[in-house]
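K.L.:
This is what each chain is made of:
Protein chains: 2
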Amino acid sequence: MWKDRFCQPIRDLLADDAWLVAEEGYHPREQIVYESIFCLASGYMGSRASAEEGFCRRTLPANYINGVFDRSEAFQRELANTPDWCKLKMYYQCEPIAPEEGNTPEDYLRVLDMQHGLLAKRYVTQAADGRRTKVEILKFLSRAHGWCGGFKVWLTPLNYGGLLEFENIIDATVTNFIDFPRFRVKHIRTTDLRALDGLGCYLGCETRDFKLPVGTAAGVRIVDEQGRDILKSRAFRPYGETACEFVDAYCREGQTICVEKYAAVCTGRDVPESQVAETTRARLQAFVDTGFDAELQAHLAEYARLWHRADLELTGDDRLQKALRFNIFHLMSTPSRTDNRTNIGAKLIHGEEYGGHAFWDTELFLLPFFDYVFPEVARNLVDYRYLLLDKARENAVKNGFRGAKYPWESADTGDEECPAWTIEPDGSCYRCYVADYEHHVTAAVAYGGVHYFELTGDEDFFDREGLEILCETARFWVSRLEYNAEKDRYEICKVTGPDEWHEPVDNNAYTNYLARWNIRKAVEYLALYKKEKPEVYARLAQRIDLAEDEPKRWSEHAEKIYLPDTNGVIEQFEGYFDLADAVIDEWDENNMPLWPKALAEIPKEQRCILKQADVVMLMYLMEHEFSAETQRLNFDYYEKRTLHRSSLSPSIHCLMGLRVGESEHAYQYLCRSAYVDIDNNQRNTREGIHAASAGGTWQCVTLGYCGMSTTDTGELCFTPHLPEQWQRVRYHIRWRGADLRITVTQDGVDVEQENGTQPVIYLCGGERRTARRI
Amino acid sequence: MWKDRFCQPIRDLLADDAWLVAEEGYHPREQIVYESIFCLASGYMGSRASAEEGFCRRTLPANYINGVFDRSEAFQRELANTPDWCKLKMYYQCEPIAPEEGNTPEDYLRVLDMQHGLLAKRYVTQAADGRRTKVEILKFLSRAHGWCGGFKVWLTPLNYGGLLEFENIIDATVTNFIDFPRFRVKHIRTTDLRALDGLGCYLGCETRDFKLPVGTAAGVRIVDEQGRDILKSRAFRPYGETACEFVDAYCREGQTICVEKYAAVCTGRDVPESQVAETTRARLQAFVDTGFDAELQAHLAEYARLWHRADLELTGDDRLQKALRFNIFHLMSTPSRTDNRTNIGAKLIHGEEYGGHAFWDTELFLLPFFDYVFPEVARNLVDYRYLLLDKARENAVKNGFRGAKYPWESADTGDEECPAWTIEPDGSCYRCYVADYEHHVTAAVAYGGVHYFELTGDEDFFDREGLEILCETARFWVSRLEYNAEKDRYEICKVTGPDEWHEPVDNNAYTNYLARWNIRKAVEYLALYKKEKPEVYARLAQRIDLAEDEPKRWSEHAEKIYLPDTNGVIEQFEGYFDLADAVIDEWDENNMPLWPKALAEIPKEQRCILKQADVVMLMYLMEHEFSAETQRLNFDYYEKRTLHRSSLSPSIHCLMGLRVGESEHAYQYLCRSAYVDIDNNQRNTREGIHAASAGGTWQCVTLGYCGMSTTDTGELCFTPHLPEQWQRVRYHIRWRGADLRITVTQDGVDVEQENGTQPVIYLCGGERRTARRI
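Line order of the protein sequences matches chains A and B.
Residues 1 to 774 in my numbering are what the first sequence spells out, letter by letter.
Residues 1 to 774 in my numbering are what the second sequence spells out, letter by letter.
Because the hints were derived from the structure by calculation, they are not lab data.
Among the hints, erroneous ones may be present.
To be verified - Each pair of labels, with its calculated beta carbon distance range: (1) Ala-298/A / Cys-94/B: 39 to 45 Å; (2) Ala-18/A / Cys-94/B: 35 to 41 Å; (3) His-27/B / Glu-601/A: 36 to 42 Å; (4) Lys-494/A / Lys-211/B: 55 to 61 Å; (5) Ser-428/A / Asp-679/B: 22 to 28 Å; (6) Lys-211/B / Ser-428/A: 44 to 50 Å; (7) Glu-106/A / Lys-211/B: 46 to 52 Å; (8) Ile-423/A / Asp-229/B: 49 to 55 Å; (9) Glu-313/B / Ile-423/A: 55 to 61 Å; (10) Lys-211/B / Ile-423/A: 37 to 43 Å; (11) Glu-225/B / Asp-585/A: 43 to 49 Å; (12) Ile-423/A / Asp-293/B: 32 to 38 Å.
As the structure is a prediction and not an experimental result, all values here were calculated from the model.
Quick reminder that beta carbons are idealized off the backbone N, C-alpha and C, glycines included.
Can you make the complete structure from the sequences, with help from the hints?
P.N.:
Here it is in structure tokens:
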């Protein structure tokens with residue numbers, strides 16, 4: 001087992017191989033990918049797995065903090081790379097002890113322990129003069145106190161001894177897009193560097209635009225095998241934007257010494273600005289006082305609790321089992337449990353792509369996982385949209401509409417962050433129309449809120465926030481509709497659906513359906529509230545200045561929205577069927593579809609080929625609007641024309657494939673979605689973890705293969721169809737205040753209830769059952 | 001020839017191979033050595049030859065400015081590493097175009113053109129994807145305007161084309177001792193980063209201790225083969241302590257584009273502090289307005305003038321010829337022609353070792369070259385000591401003496417910079433007694449001033465400065481002497497001579513002789529001035545509060561200074577002959593002497609073995625005090641016991657070897673001295689160029705082999721003894737206002753006079769001749 005290759009203290013902590021993702025052998029050019037794969041997140045911040053030892057040439061070190069954004073010279077506000085506390089340089093007589101390009105270490109092994117939220121590494125370096133050093137490192141970001149992180153280094157000079165030197169570093173020279181010169185931006189300004197006597201060093205900085213202060217403090221201890229402090233000397237060195245503490249210790253040949261690095265972070269989001277420095281110090285002091293091992297134990301207890309709720313046990317495919325946990329691990333580690341002013345970026349907090357912005361991915365791909373598994377986090381995510389509702393209102397007005405129009409990309413302020421212009425690596429600039437035309441995100445926000453409410457029954461949310469969002473988004477759509485007098489119908493012209501390769505188009509089926517759903521749902525809930533909760537209705541009506549006849553007028557609009565013919569293949573947008581047509585007939589070595597050669601000479605927007613399938617997505621979300629036959633027909637038609645160049649596409653094709661009986665295809669899509677980052681199968685994992693894939697993968701297994709759903713009346717329902725090779729799937733959900741353990745086998749479904757006052761009823765095979773108490 | 005491997009514009013500029021020092025093939029671990037060897041200096045600043053392209057792992061980039069020192073956390077004030085303006089990163093689609101560890105470029109050739117003060121480089125990189133790019137770079141620091149430097153890059157994408165991207169960088173993250181963590185110190189603080197619209201970017205900083213402002217500005221142009229501006233876009237990016245200007249340009253496959261980088265520097269030493277930023281900008285503007293090529297021509301004209309005066313042509317040993325020029329090139333390029341508040345560091349301005357401090361090396365090893373070749377620079381160097389005379393007076397008082405005691409290591413303030421404590425790489429600390437006991441530097445300063453005066457006849461200096469230095473240093477020695485009543489003699493106890501392996505000792509022969517010389521010379525000149533220039537005498541007497549009888553008292557002291565017996569071997573210090581004795585009987589593969597094994601177990605200070613020979617040095621300086629036989633005897637004795645672990649030692653052994661007829665040994669010492677850096681034969685060239693070796697080497701050839709000297713009456717005199725293999729030596733000196741061309745052959749000496757009103761008379765072979773007019 002991998003853990004057996006580590007020293008005893010690490011071996012004692014690590015899980016079995018089933019829970020480990022491993023990097024075997026050192027490949028300098030792959031480090032940047034592993035930095036994402038092995039990124040640790042604490043719910044407060046994320047720390048990419050750049051080498052603690054420094055000296056890597058190809059690296060994207062990053063410490064992102066949930067909610068800390070900045071724009072400066074960038075095209076958009078983006079998660080700001082904050083000071084890197086994760087460096088500890090090690091030397092013997094000025095020569096670094098580190099893996100380096102051109103000096104490949106021996107027996108290099110790094111493992112991510114997903115069960116425990118740990119990152120462990122070991123190798124032996126050989127210096128030019130033949131000195132060999134064994135290095136083993138264990139890193140964690142405390143899930144118990146998300147602002148704390150640290151690591152231990154066990155260092156063994158194998159064939160020499162003497163004074164080892166270390167630099168405890170906090171590095172604020174960091175930028176975003178460090179290896180992309182055109183986009184490289186520095187988001188922080190260093191304001192303060194100082195020694196924290198006896199504790200370590202401190203670096204204060206602030207974001208450049210909003211001057212949000214960020215404090216980082218770090219200290220080291222060096223102990224021998226008996227735990228005795230052997231740190232010899234300590235000197236603080238301010239290097240401009242790098243706080244450095246130089247320390248040293250003697251180590252005999254063959255002796256192992258242990259260097260512990262402690263770090264703590266605080267921002268002006270956590271405490272009043274004037275208290276940031278002192279709180280940072282206090283957090284570091286608390287971490288040091290608690291001690292590395294005790295804090296680690298608290299962290300492990302938190303991960304045990306998290307996994308008890310979130311694990312998805314799969315018997316029958318070990319590789320897929322690991323990938324499922326990999327996706328869940330990163331997904332559940334990212335969002336805050338307490339902060340409803342932050343959301344989840346499209347690449348989680350694991351990379352810089354998309355600036356850490358929330359997209360519609362949150363509502364349609366991520367929320368179902370949180371709704372079922374961590375509803376308290378889901379509440380934060382829906383709160384986030386409510387807290388930015390005013391900005392969405394401004395955004396509607398700015399674009400000439402009413403109600404609330406949510407931005408395509410959302411950071412901390414709720415402003416539209418999607419840039420109007422983009423530059424390609426070859427230097428070509430192009431006008432990016434996404435923010436102008438891709439409006440379906442607003443329906444997704446409404447959809448997410450309604451489904452959160454319907455799944456969790458959180459009336460507090462819906463009364464105070466959800467219904468308001470639903471109405472204001474409905475209002476947006478009503479104002480967005482254009483009346484076609486000739487045809488006596490409402491249309492949405494110049495719009496872009498999820499398939500961004502055709503933009504803008506008229507009457508995109510996906511958008512029109514979603515707009516109608518949004519308006520209808522608002523009208524429906526308003527009617528219900530008017531009747532059942534008149535005081536909530538009245539308060540809302542006043543808040544949003546709702547005219548008495550407005551719901552009726554909305555309804556009239558909704559019912560006249562143009563929708564394409566649903567007998568047969570649904571046209572993705574008006575005119576789609578006129579495009580140059582061909583089906584995909586070639587796949588690459590990874591089984592990814594290739595552009596049909598027949599269409600090679602035709603511009604993208606004049607071809608039928610899709611980036612991702614709007615209609616398939618639509619049918620997934622609006623199952624009851626389409627007959628089973630229509631769904632099968634459309635899946636067949638569009639699948640042959642979809643290149644899946646969005647990581648959102650495969651999971652939906654898995655779910656729809658299952659629904660229409662294409663189980664073999666479905667399984668391929670499941671794999672594509674599940675392995676996207678663990679296998680780096682889109683070659684862009686260096687930029688972060690695909691959040692939507694992670695959430696979509698969870699949906700594939702639970703909502704797809706296990707057939708979990710809710711009825712119109714809000715009852716939990718199961719219609720499982722496990723693949724032959726799966727013996728069992730087991731997972732937990734929180735359902736109306738109770739923790740349920742769901743076990744799906746080839747023989748059926750078993751639901752066990754761990755707690756809660758009311759017995760949980762569920763449907764299975766048309767049968768109504770009561771969950772077994774355990 | 002090497003120049004034929006370059007593109008036409010570079011080829012047209014470069015000298016023939018005889019003037020070039022070449023680095024063939026790229027060796028990452030040797031870069032740091034070539035950074036010293038290829039360092040360019042302008043008299044204003046020095047720019048180490050770190051790769052312009054960046055991305056080197058092992059590099060010590062440095063831009064030192066004469067007179068810009070700082071201490072901060074260092075042990076001593078040191079030449080502060082100021083912002084590196086010498087970087088221009090180049091990319092194609094984010095992939096650097098640069099030599100890197102693990103990506104060795106093809107056909108790599110770099111040459112230092114000593115004749116023209118140019119550095120040229122060429123190679124072909126191959127990227128991982130097979131793209132090949134030819135790169136050729138030509139760099140210079142303008143000798144016409146020393147604050148300007150720049151380079152041109154000719155870039156040819158050999159098998160691809162597209163948008164090339166560049167970063168014009170001013171990097172203020174620089175530190176001293178960047179690869180020596182324990183000593184690494186940052187000396188500057190960035191205060192200002194901004195774009196200079198249409199011109200480039202600006203970075204303002206200040207030294208951390210004295211807040212001396214340093215401005216750096218840099219701009220780029222990109223032109224095609226026809227010289228047309230093809231720069232496409234320009235964006236300023238402030239990265240904390242790095243000012244960066246991102247620029248790009250299209251380049252077709254096989255096309256060559258040329259990127260010109262212009263930089264200019266200004267400090268608070270040049271102009272009032274408030275004008276630094278504006279002056280920096282104006283200097284850059286002037287450089288850009290002049291144009292790269294026109295400034296380069298002005299630079300070449302200056303080097304032509306410098307070499308006309310400084311070249312040392314040697315026919316008969318091409319390798320040695322190149323080494324002689326190499327030493328002269330770096331030596332003459334370093335000091336300012338106009339600034340008498342700076343001196344020359346022991347490693348020139350080419351590296352960080354010894355902090356850029358002036359030692360006695362200046363007076364005894366460097367001054368003779370400048371006295372004869374560039375007396376205007378020599379004047380600055382002696383002025384420097386006068387300007388710091390008050391500090392030397394303070395230093396005397398602080399140490400309990402009178403008069404002026406010069407510091408062992410001298411930076412800008414004149415304070416003693418030699419630290420009292422030192423740490424070795426293995427972590428051991430030791431008390432460094434050099435500043436406490438090594439007093440002979442004070443005599444060296446007096447000696448340098450007197451010889452400058454006697455060689456140049458610069459009465460202005462001696463009247464206003466030199467005599468005052470001479471008297472105050474004499475006063476120091478008088479106060480330093482201790483009277484031994486028992487023996488009725490004056491002694492200097494607890495003192496260290498040049499041989500630092502024996503410290504402190506009593507009555508070091510070298511020190512006692514120099515002290516006597518210093519006092520005697522003061523008395524002698526005071527007597528002369530009293531008689532010949534009574535007004536100067538009177539003014540001085542008042543200035544230094546000279547009592548009427550003081551010279552007489554000095555003289556009484558001087559004549560009673562204890563000196564060892566000069567019949568036979570002179571004892572280096574009292575008790576030296578009692579030390580454990582053995583002679584060197586083994587040499588390493590480089591012919592460097594090794595410790596005699598017989599003494600292996602005995603502590604260094606109890607062994608007769610010397611770092612460098614005091615007595616040999618003494619006899620070189622005080623020829624007339626010792627008989628020829630005594631000199632021969634002592635050379636023989638001490639040579640067998642000297643390890644030459646100071647780079648000051650070989651040149652003196654060459655000079656003395658010649659004098660005593662050991663011509664074969666002498667030639668070996670000449671080579672050791674001449675090749676010390678060009679061959680990196682002490683393995684420490686990475687830290688800078690050995691100034692004393694450079695100056696000593698010049699002395700070996702001119703004062704040694706060509707036998708140039710001056711008589712007591714101030715007449716130029718030649719007693720040449722060329723080695724058989726040398727056909728001719730030719731060089732210039734400036735002698736009493738006239739430029740002389742000296743040609744020494746196996747047949748004799750020819751002196752030609754280029755200018756001057758008075759005919760120059762010289763002695764040769766006992767004959768008095770008149771220089772031929774040319």
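K.L.:
Each hint should be assessed against the structure and marked as holding or not.
P.N.:
Against the structure, the hints come out as follows:
Hint check: Ala-298/A to Cys-94/B, Cβ distance near 41 Å, so the stated range 39 to 45 Å holds. The supplied range of 35 to 41 Å is met by Ala-18/A and Cys-94/B, whose beta-carbon atoms lie about 38 Å from each other. Between His-27/B and Glu-601/A the beta carbon distance is about 50 Å. The supplied range of 36 to 42 Å is therefore violated. Take Lys-494/A and Lys-211/B: their Cβ atoms lie about 60 Å apart, and the range 55 to 61 Å holds.
In this structure the supplied range 22 to 28 Å is violated for Ser-428/A paired with Asp-679/B, their Cβ-Cβ distance being about 52 Å. The hinted window of 44 to 50 Å between Lys-211/B and Ser-428/A holds, with their beta carbons roughly 47 Å apart. Between Glu-106/A and Lys-211/B the CB atoms are about 50 Å apart, so this pair conforms to the stated range of 46 to 52 Å. Hint check: Ile-423/A to Asp-229/B, Cβ distance near 21 Å, so the stated range 49 to 55 Å is violated.
Distance hint check: the CB atoms of Glu-313/B and Ile-423/A are about 57 Å apart, consistent with the given range 55 to 61 Å. For Lys-211/B and Ile-423/A, the Cβ-Cβ distance of about 41 Å falls inside the hinted range of 37 to 43 Å, so the restraint holds. Roughly 47 Å separates the CB atoms of Glu-225/B and Asp-585/A, a value that falls within the hinted 43 to 49 Å. At about 33 Å, the CB distance of Ile-423/A to Asp-293/B agrees with the hint of 32 to 38 Å.
Hint compliance for this structure: hints 3, 5 and 8 are not met, and every other hint is.
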